[in-house]
Amino acid sequence: MPNRKLTFRVFRHNPYDPQSAPRVQKYEMQETPRLTLYGALTRIREEQDPSLQFDFVCRSAICGSCAMLVNGRPRLACRTLIEQLPSRINLFPLPFFRLVGDLSVDTGTWFREMGQRVESWIHDSEPFDPDALEERMPNDTAQTIYELDRCIECGCCVAACGAAQVNPTYLGAVGMLRIARFLTDPRDDRADSDFFEVVGTEDGVFGCIGLLACEDYCPKGISLTTQIAYLRRKMALTSLRSSSNGKGASAGAQHAEKAKTAK
Amino acid sequence: MINTDVLVIGAGLAGERTAIELASQGFQVIIISLVPPKRSHSTAAQGGMQAALGNMAKSQGDSTDIHFEDTVKGSDWGCDQDVARLFVNLAPIAVRQTAAWGVPWSRVEPGPRKLPDGEVVQELLEKEGLIAARDFGGTKKWRACYASDGTGHALVYAMDNVTLQLGIEVHDRAEALALIHDGQRCYGAVVRDLRTGELRAYHARATVIATGGHGRIYGHSTNGIINEGTGMSIALDTGVVPLGNMEAVQFHPTGVVPGDILISEACRGDGGYLLDKNEHRFMPDYEPQKKELASRDVVSRRMVQHMRKGFGVESTYGPHLWLDIRHLGKKHIEVNLREITSICRDFLGVDPVRKIVPVRPTQHYSMGGVRTNIAGRAHGLAGLYAAGEASCWDLHGFNRLGGNSVAETVVAGTVVGKSIARDLEWLDFPYSEQAVAAMAEDTTQMVQERILRLRAGGKEYVYDLRNQMSNVLMEKVGVFRKGAELQEAVDELAELCQRSKHLGLRSSGVGANPEVAAALRLPGMVRLAFLIAYGALKRTESRGSHAREDYPFRDDIHWLKRTLARWAPGADLPTLDYEPVRITEMPPGDRGYGESKVLAVEEKVRA
Chain A
1 MPNRKLTFRV FRHNPYDPQS APRVQKYEMQ ETPRLTLYGA LTRIREEQDP
51 SLQFDFVCRS AICGSCAMLV NGRPRLACRT LIEQLPSRIN LFPLPFFRLV
101 GDLSVDTGTW FREMGQRVES WIHDSEPFDP DALEERMPND TAQTIYELDR
151 CIECGCCVAA CGAAQVNPTY LGAVGMLRIA RFLTDPRDDR ADSDFFEVVG
201 TEDGVFGCIG LLACEDYCPK GISLTTQIAY LRRKMALTSL RSSSNGKGAS
251 AGAQHAEKAK TAK
Chain B
1001 MINTDVLVIG AGLAGERTAI ELASQGFQVI IISLVPPKRS HSTAAQGGMQ
1051 AALGNMAKSQ GDSTDIHFED TVKGSDWGCD QDVARLFVNL APIAVRQTAA
1101 WGVPWSRVEP GPRKLPDGEV VQELLEKEGL IAARDFGGTK KWRACYASDG
1151 TGHALVYAMD NVTLQLGIEV HDRAEALALI HDGQRCYGAV VRDLRTGELR
1201 AYHARATVIA TGGHGRIYGH STNGIINEGT GMSIALDTGV VPLGNMEAVQ
1251 FHPTGVVPGD ILISEACRGD GGYLLDKNEH RFMPDYEPQK KELASRDVVS
1301 RRMVQHMRKG FGVESTYGPH LWLDIRHLGK KHIEVNLREI TSICRDFLGV
1351 DPVRKIVPVR PTQHYSMGGV RTNIAGRAHG LAGLYAAGEA SCWDLHGFNR
1401 LGGNSVAETV VAGTVVGKSI ARDLEWLDFP YSEQAVAAMA EDTTQMVQER
1451 ILRLRAGGKE YVYDLRNQMS NVLMEKVGVF RKGAELQEAV DELAELCQRS
1501 KHLGLRSSGV GANPEVAAAL RLPGMVRLAF LIAYGALKRT ESRGSHARED
1551 YPFRDDIHWL KRTLARWAPG ADLPTLDYEP VRITEMPPGD RGYGESKVLA
1601 VEEKVRA
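Going down the list, the protein sequences come from chains A and B. Here the first sequence is numbered in the working numbering, starting from 1 and rising by one per residue. Here the second sequence is numbered in the working numbering, starting from 1001 and rising by one per residue.
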């Protein structure tokens, strides 16, 4: 197995070069043991074509830079072992995101906008007191938050998502996961109803068409569909409550409930 | 030209913490970064953040004083003790503040707990729910606060979320290529847009270098591939800003073979063993007290020593040793060491629950960097600051303790942010914006000419020179160093410095071309490599990570001092100066681990 001749067919286009038109370029190389796509692409760049654009940072599946379509499926290139692939390998940039060039896409801008949209930060009206002990938290709660905080913003879930391909303003599984993360965190003052506008819509939980690809392709194995289902239930309840009780009252009641369950 | 109060170069933990401090005081801040902030190398910190909270059974009685002592001993008395004192005092506040920002720190669970060596300790009920800590090398108490084993990830996400909250502008995919300065004061930087290849100038009243380490100039490094010392290089290029202690380079005991991915010290902290080719646990033979948990420099040397005696495991990727964590149990490994578990399974095809993991010492951290004072002001240029691994603040001296780098980024970011705010308010003097515009124009022109020269085509190919540079460092400026080899390294790197002036492109160089980026960086990287080898050659002693086989003693008589390297523009060689190391509280002594050979001041007096 590890001595095959490998053929890479790689999408090429430099949108900043007026001469460039999208095309597929072929590269060949001899396989070596334990080769990853990171190793192979680095070798292509250094030995065959120094203009080839792609992104790696950590090369250990924690930074989320290197997602691309490998034989049609979104994956982290750094964690893809060549020996698990056929000898003909097609590489395309992730769909959905703006192309920077070749295999490199602009995930940074999209994720920053997503973070602004869901207000991806702890909403806490208390100022930090440098002389006080830290607020206590049960370790189980910390573990639960950590589980939801493990997303590396690689973009595989939105690249694999049918809803995202037809609705460019769709929040994606990653955006909903982020909301679930802050809803779960007892340090965040927001109530369910505070999230309703951003996620209780066709751009959020009600836009999900249930193809489950987000979870299938999440390289971190995060239970994205469970989180979407959880949010959908919450948002359905919120919309019921706000139509019967008035929004303010229900927000207060929910916040009390959240604080209780967390502690 | 883009105007801002503060330009922060680098969006890792140090850069973002600095930006947050300033933005929350009302200053306009722009961060530029090679990559989106959440992809910074800070995310790779798996293990922990040192702060003396004293919440665990095994950290009872811990204090900032003990953290201070551990840090100074770890540095082999090479650190600045005023900085260390400031740091240990602020670290607990820094951890707690990140908790308020959302970091899911692991918490104390009361009750009995059995340690891997069989000892049973009682976690206290009164500490329930406070921030937990784990053991790390070179420390007397359990002090490394952690979020499962994704400490860096959790911190980076929380920190970047605060920058979102404050609306701090981040220009990602941008690389600073030159500082705008007049030899007295820094006014910003010229930046290449890595999306379009265009150059643009940023005018800032304060400029912060927070670009992390230079690990990738070594052939085998645990560092992310963007860690090429770019910020250190542009500071060095000014000719007036010195880099401190560049010869001080840390090798982490456990990079995986092959691939060099870091296996966190948490594995040994939680009770992992190092084994040789006979699966014998050898560290207690060398270090009966601290065993696998002596400081990193010591463990790395013991490993190389042991492999040199023929106890290494031969492989196609060179000799290595084994890390064994099987006895920690499936649950502990899969929960508390989960990232490690996936690295072993996905990249090596080894399941650490059932199998031992191939490891060897691998370049990991640069203690050296842009020399600053305790307030983070760079030597040599007003208006320039540095924080984190890019700086030589100098918290780490000749060896950094595990968990002190993450803590340093957050603490130093706060300190540097505050001093910039003070400087802008009280010390800043008026200057001609017109003159700055002209300077920015000149600097942009100079960078543009470098790009045009590359396109015109010299005969050297960037990746050939780069590989030669990395090999020289790996072979001759590694864990153990010798005069003759260092001299060879200096000679070879001097030649590579010359050759790096004749780089040419093999590709068109149009747009965001990565060959242009690599070729623009390489000359600076070779200069950093040269400084490491040159500083190591001149330092005729062994201290911390700098281990000279021909000078095996720590020499406090002649070498209780810090190397300062400056490189005048156009000069063939740098100049080295030295400054004394500030000893305020803890006189040089025995570390309590390691080889403990010291030429002490007293001995000289007696002689």
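I should point out that these hints are in silico values taken from the structure, not numbers from a laboratory. There's no promise every hint is true.
[Claimed, not checked] Below, simulated DMTMM-like cross-link-like pairs (lysine to aspartate or glutamate); rule was C-alpha separation at most 20 Å, straight line:
{"no.": "1", "chain 1": "B", "residue 1": "K1331", "chain 2": "A", "residue 2": "E147"}
{"no.": "2", "chain 1": "B", "residue 1": "K1058", "chain 2": "B", "residue 2": "E1123"}
{"no.": "3", "chain 1": "A", "residue 1": "K220", "chain 2": "B", "residue 2": "D1351"}
{"no.": "4", "chain 1": "B", "residue 1": "K1331", "chain 2": "B", "residue 2": "E1109"}
{"no.": "5", "chain 1": "B", "residue 1": "K1277", "chain 2": "B", "residue 2": "E1334"}
{"no.": "6", "chain 1": "B", "residue 1": "K1538", "chain 2": "B", "residue 2": "E1585"}
{"no.": "7", "chain 1": "B", "residue 1": "K1418", "chain 2": "B", "residue 2": "D1082"}
{"no.": "8", "chain 1": "B", "residue 1": "K1291", "chain 2": "B", "residue 2": "D1276"}
{"no.": "9", "chain 1": "B", "residue 1": "K1538", "chain 2": "B", "residue 2": "D1555"}
{"no.": "10", "chain 1": "A", "residue 1": "K26", "chain 2": "A", "residue 2": "E46"}
{"no.": "11", "chain 1": "B", "residue 1": "K1561", "chain 2": "B", "residue 2": "E1585"}
{"no.": "12", "chain 1": "B", "residue 1": "K1418", "chain 2": "A", "residue 2": "D129"}
{"no.": "13", "chain 1": "B", "residue 1": "K1418", "chain 2": "A", "residue 2": "D140"}
{"no.": "14", "chain 1": "B", "residue 1": "K1459", "chain 2": "A", "residue 2": "D131"}
{"no.": "15", "chain 1": "B", "residue 1": "K1140", "chain 2": "B", "residue 2": "E1119"}
{"no.": "16", "chain 1": "B", "residue 1": "K1459", "chain 2": "A", "residue 2": "E47"}
{"no.": "17", "chain 1": "B", "residue 1": "K1330", "chain 2": "B", "residue 2": "D1346"}
{"no.": "18", "chain 1": "B", "residue 1": "K1418", "chain 2": "B", "residue 2": "E1433"}
{"no.": "19", "chain 1": "B", "residue 1": "K1114", "chain 2": "B", "residue 2": "D1324"}
{"no.": "20", "chain 1": "A", "residue 1": "K220", "chain 2": "B", "residue 2": "E1334"}
{"no.": "21", "chain 1": "B", "residue 1": "K1330", "chain 2": "A", "residue 2": "E147"}
{"no.": "22", "chain 1": "B", "residue 1": "K1330", "chain 2": "A", "residue 2": "D140"}
{"no.": "23", "chain 1": "B", "residue 1": "K1331", "chain 2": "A", "residue 2": "D140"}
{"no.": "24", "chain 1": "A", "residue 1": "K220", "chain 2": "B", "residue 2": "D1346"}
{"no.": "25", "chain 1": "B", "residue 1": "K1459", "chain 2": "A", "residue 2": "D140"}
**OP:** Kindly indicate which numbered hints from before are broken by the structure, ordering the numbers from low to high.
**Re:** Hint check: 5, 6, 13, 14, 18, 25 fail, others pass.
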